[in-house]
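For the protein sequence lines, the chains are A and B, in the order given.
The letter at position 172 of the first sequence is residue 287 when you use this note's numbering, and the numbering goes up by one with no holes.
The letter at position 202 of the second sequence is residue 220 when you use this note's numbering, and the numbering goes up by one with no holes.
Not one of these hints is a red herring.
Derived DSSO-like pairs: lysine-lysine, alpha-carbon spacing no greater than 27 Å straight-line:
#1 A:250 with A:209
#2 A:126 with B:253
#3 A:340 with A:386
#4 A:209 with B:21
#5 A:126 with B:78
Counterexamples of contact, computed for chain B against chain A with all Cβ distances above 12 Å:
#6 111
#7 118
#8 132
#9 171
#10 177
#11 222
#12 229
Pair ranges (Cβ atoms, derived):
#13 A:285 with B:110: 46 to 54 Å
#14 A:124 with B:242: 31 to 39 Å
#15 A:237 with B:138: 47 to 55 Å
#16 B:242 with A:398: 53 to 61 Å
Honestly, the hints are just simulated from the structure, not real lab data.
Owing to the predicted nature of the structure, the values given are computational and were not obtained by experimental measurement.
Every residue gets a Cβ at the ideal spot worked out from N, C-alpha and C, and that includes glycine.
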Amino acid sequence: MNNAIEITNLKKDYGDFSLDGVSFSMPQGTIMGLIGPNGAGKTTIIKILLNLVRRDGGEIRVFGLDNLKDETAVKSRIGFVHDTPCFYERLALKTIKATVAPFYRDWDEDTFRRLLREFDLPPNKILARLSRGMKMKFSLALALSHRADLILLDEPTSGLDPVFRRELLGRLSAVIQDEKRSVLFSTHITSDLERTADFITFLHEGRVVFSAAKDEILERWAVVKGGLELLTEDNRRFFRGVRERAFGFEGLTADAAEARRRFGPAAVVDKASLEDIMYYITRGDHHA
Amino acid sequence: MLKLCAKDFLAGRWWWLLALIVYGLNLTMNTAHDLFVMVATAVLVIACLILTLVQDYVSKTEALYGSLPLTRATIVGGRYLLMAFLSAGGYLVALACAFFLKSMLPLQPMTLDPRPWVSVDGLTGYVLAMAAFAALYLPLYYRFGLGKSTVAFTLVILAMVVSVLTFKPLAALKSMLSRGFEPPGRAGDAASRIVGAIAGIRQALGTPAFLAAAIILVVLILTISIRLSVRVYEKSEF
Numbered sequence: 116m117n118n119a120i121e122i123t124n125l126k127k128d129y130g131d132f133s134l135d136g137v138s139f140s141m142p143q144g145t146i147m148g149l150i151g152p153n154g155a156g157k158t159t160i161i162k163i164l165l166n167l168v169r170r171d172g173g174e175i176r177v178f179g180l181d182n183l184k185d186e187t188a189v190k191s192r193i194g195f196v197h198d199t200p201c202f203y204e205r206l207a208l209k210t211i212k213a214t215v216a217p218f219y220r221d222w223d224e225d226t227f228r229r230l231l232r233e234f235d236l237p238p239n240k241i242l243a244r245l246s247r248g249m250k251m252k253f254s255l256a257l258a259l260s261h262r263a264d265l266i267l268l269d270e271p272t273s274g275l276d277p278v279f280r281r282e283l284l285g286r287l288s289a290v291i292q293d294e295k296r297s298v299l300f301s302t303h304i305t306s307d308l309e310r311t312a313d314f315i316t317f318l319h320e321g322r323v324v325f326s327a328a329k330d331e332i333l334e335r336w337a338v339v340k341g342g343l344e345l346l347t348e349d350n351r352r353f354f355r356g357v358r359e360r361a362f363g364f365e366g367l368t369a370d371a372a373e374a375r376r377r378f379g380p381a382a383v384v385d386k387a388s389l390e391d392i393m394y395y396i397t398r399g400d401h402h403a
Numbered sequence: 019m020l021k022l023c024a025k026d027f028l029a030g031r032w033w034w035l036l037a038l039i040v041y042g043l044n045l046t047m048n049t050a051h052d053l054f055v056m057v058a059t060a061v062l063v064i065a066c067l068i069l070t071l072v073q074d075y076v077s078k079t080e081a082l083y084g085s086l087p088l089t090r091a092t093i094v095g096g097r098y099l100l101m102a103f104l105s106a107g108g109y110l111v112a113l114a115c116a117f118f119l120k121s122m123l124p125l126q127p128m129t130l131d132p133r134p135w136v137s138v139d140g141l142t143g144y145v146l147a148m149a150a151f152a153a154l155y156l157p158l159y160y161r162f163g164l165g166k167s168t169v170a171f172t173l174v175i176l177a178m179v180v181s182v183l184t185f186k187p188l189a190a191l192k193s194m195l196s197r198g199f200e201p202p203g204r205a206g207d208a209a210s211r212i213v214g215a216i217a218g219i220r221q222a223l224g225t226p227a228f229l230a231a232a233i234i235l236v237v238l239i240l241t242i243s244i245r246l247s248v249r250v251y252e253k254s255e256f
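Take these sequences, add in the hints, and give me the full structure.
Here is the structure:
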């Protein structure tokens, strides 16, 4: 399968934060969730991909093209939604569209109008008068109206209320599934990805913790719950993160089958959600 | 780059109109000084450019347009092209206003005479001045951002004016300019004198050599300026 994105040994040093040899790839036609806590480096990767931020090292290929050498060719195939909408605030939506559309050879005016209708966005409305959620929808309409092969979504649901978030995700998911596009979706709200993502890349402190198929992750990773007597030094090392309580412990492991063998009926082995994984790795007592 | 200019037009058009109205009102109140018209026109052009950049700054649109299928060099080039369009527009507006005021207010004691501006010498002087402004301002803008660059640019222009008025080797220019501020009816035709000085250079060099030198100078300062701006802007992060 060809890759939509191939990132190899990506480095960026800000002094107090750095991306440290980030590598992952995303197959074409799939949806990848880029997850991690705030400050993990998700937005930085997306910005480097769009050449909004300079990299200190590494390589990025989008549909086989170098994102710097073939910058315009790469960007013409990308639709993007930034975490903060950055349009001219005092312009009407149709005017903002007129400032963006001419730069895309494959701009599809019919699609844009249809999406505005679907999203209940009046074309004559001034952007400043829209709520954050409406601005995000408008941003999404622009991103989806030039037949982009790759959609980059940087925290599109952050700061939205649950109702609006669910509606936006529903719209997004419907549009994406219709069009068979590749999507890189960065978020720290892992529940957004439980249904939609095919692959998950988890970033923490500028490093890739894992990058794999979502089903494989949810199959392999587990939360083990048991009494404190089970928490021997050897078992402690077995866990990627541990939380101790007064009457027992919870530990995250990347090997559910081994956990079942190791603890048997003495412990409860539950499938880990993406949120569990993120929590234990970022906040739990670390091992392995 | 034309698309970028169209984008800037859509973003800044109402602000440009406001600047134009202020310019027109100022002109009707200062018809006695053609030097004022020259300065006001330069201010109008630079103000329109800065008002456009203000829209980008306020709405933080650089991340958006930096994400479009454009290189940084193209974005920078678009700004210089915009300055060229604004300069051309400013020139036409100045001529239109001057001829209009002269025809509508014939009884007012005014020295406003736009005819020299239409000459090769007037046009050359204008193009050189606008190219110099763009060449100076835009690298500062890309290096220091909107606020600092505008302050720095204003200070540089002020420093140039002060040096003209105080530096001895520039005494001839000083006396020529100072006559422009004398009361109407005496010697308020500084613009004509400046154009006349340029005409003197043209006559000394010969018209073809003069035009070639002017074109080379404009191309040279803009090339250096654009390269500088691109180099700085390529390092910018949004």
